[in-house]
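Quick note on the numbering used here: the sequence shown kicks off at 55 and runs consecutively.
Quick caveat, the hints were computed from the structure, so don't treat them as lab data.
Please read these numbers as outputs of a predicted model, since none were measured by experiment.
Be a bit skeptical, because a hint or two may be false.
[Unchecked claim] Under the rule of at most 25 Å between Cα atoms (straight-line distance), these lysine-lysine pairs were calculated in the DSS-like manner:
1. Lys191 <-> Lys102
2. Lys182 <-> Lys155
3. Lys191 <-> Lys155
4. Lys102 <-> Lys155
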Amino acid sequence: MLRKFRRQAVLAGREGDRPASAGVPDGEQGHRLRAPSTLHAFNRYEIKYLVDMAEAAELREEIGRRLDRDRHSGEAGYGIWSVYYDTRHLRFYWEKVEGLKFRRKLRIRHYGDRFAVTAGTPVYVEIKQRVNRVTQKRRVCLPYADALRLCDGREPVGHEPSRRAFLEEVLDLVLRLDLRAVAMTGYTRHAYVGRDADVGLRVTFDHRVRGRDRDFHLGADAENRLIVPARTAIMEVKADERVPYWLTELTARRNLQVVRVSKYCQSVEAHGLAPRSIFHVPGHDSGHVLDPGRVRPAVLPEA
55 MLRKFRRQAV LAGREGDRPA SAGVPDGEQG HRLRAPSTLH AFNRYEIKYL
105 VDMAEAAELR EEIGRRLDRD RHSGEAGYGI WSVYYDTRHL RFYWEKVEGL
155 KFRRKLRIRH YGDRFAVTAG TPVYVEIKQR VNRVTQKRRV CLPYADALRL
205 CDGREPVGHE PSRRAFLEEV LDLVLRLDLR AVAMTGYTRH AYVGRDADVG
255 LRVTFDHRVR GRDRDFHLGA DAENRLIVPA RTAIMEVKAD ERVPYWLTEL
305 TARRNLQVVR VSKYCQSVEA HGLAPRSIFH VPGHDSGHVL DPGRVRPAVL
355 PEA
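Produce the complete structure using the sequences and hints provided.
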């Protein structure tokens with residue numbers, strides 16, 4: 055049975071080589087990430103920066119003159135919640151920390167208000183992997199109950215023919231590596247997408263980055279700990295092929311430094327599941343927590 059899963063995993067990898075923008079009209083490519091298709095597959099470059107909230111506001115205003123605001127973003131942004139799966143010995147975590155040229159991770163991701171999640175709520179099951187400098191992501195949209203049955207229950211789920219290879223690859227990973235939910239992250243995102251010559255460009259700002267190491271049901275009324283300082287945002291530039299000159303000039307002018315930061319690794323380290331790596335973002339170790347539904351002020355050290 056596992057031999058069959060491995061064979062299907064190879065086929066799924068071939069499907070993932072197809073650019074997400076193939077066959078998509080130019081005017082729609084900027085929103086491809088969040089279009090409601092059943093299966094997404096795309097390759098891109100990702101560059102991250104840490105900026106304080108005041109500078110993030112200035113950057114958003116400047117970038118907003120050249121890029122369109124993501125149609126899901128609005129003035130307040132939108133929430134993203136992810137449950138990450140790993141081995142008992144945190145294989146995926148260590149692959150990231152050690153900088154392996156090929157690494158991957160499995161997660162269930164929800165966009166929006168997690169307290170509204172029910173068994174039928176659409177979520178994404180994703181495999182995100184890094185091959186040298188290129189990030190590849192494949193994901194499928196499933197009802198939450200099916201996503202849990204697949205990743206936690208380790209059972210096949212009903213699917214359309216186009217989803218078969220990917221779902222069998224996920225099941226193979228879960229069974230072969232004995233994966234289980236390890237950490238959860240949540241944050242508020244403001245996103246901007248390219249137009250005209252910048253189609254395929256996406257710039258995001260994530261803040262109030264928090265997480266927990268238990269109670270992994272998306273709708274659980276559980277508290278979350280800040281895993282990145284409250285006054286700090288993660289700015290991420292995502293491009294299919296190139297970063298436009300105006301944006302590289304902007305980051306250089308503001309002396310922004312590229313960082314290696316993973317929200318999953320931040321959550322693992324913040325909750326003591328692994329020792330701090332040299333890439334850990336310091337400044338949040340106050341012992342205070344935030345309840346995402348009823349946010350309380352937290353006294354945190356300066357970032």
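Status of each hint after checking the structure:
no.: 1; hint: Lys191 <-> Lys102; result: holds (17 Å)
no.: 2; hint: Lys182 <-> Lys155; result: holds (13 Å)
no.: 3; hint: Lys191 <-> Lys155; result: holds (15 Å)
no.: 4; hint: Lys102 <-> Lys155; result: holds (17 Å)
Every hint from the earlier list agrees with this structure, and none is contradicted.
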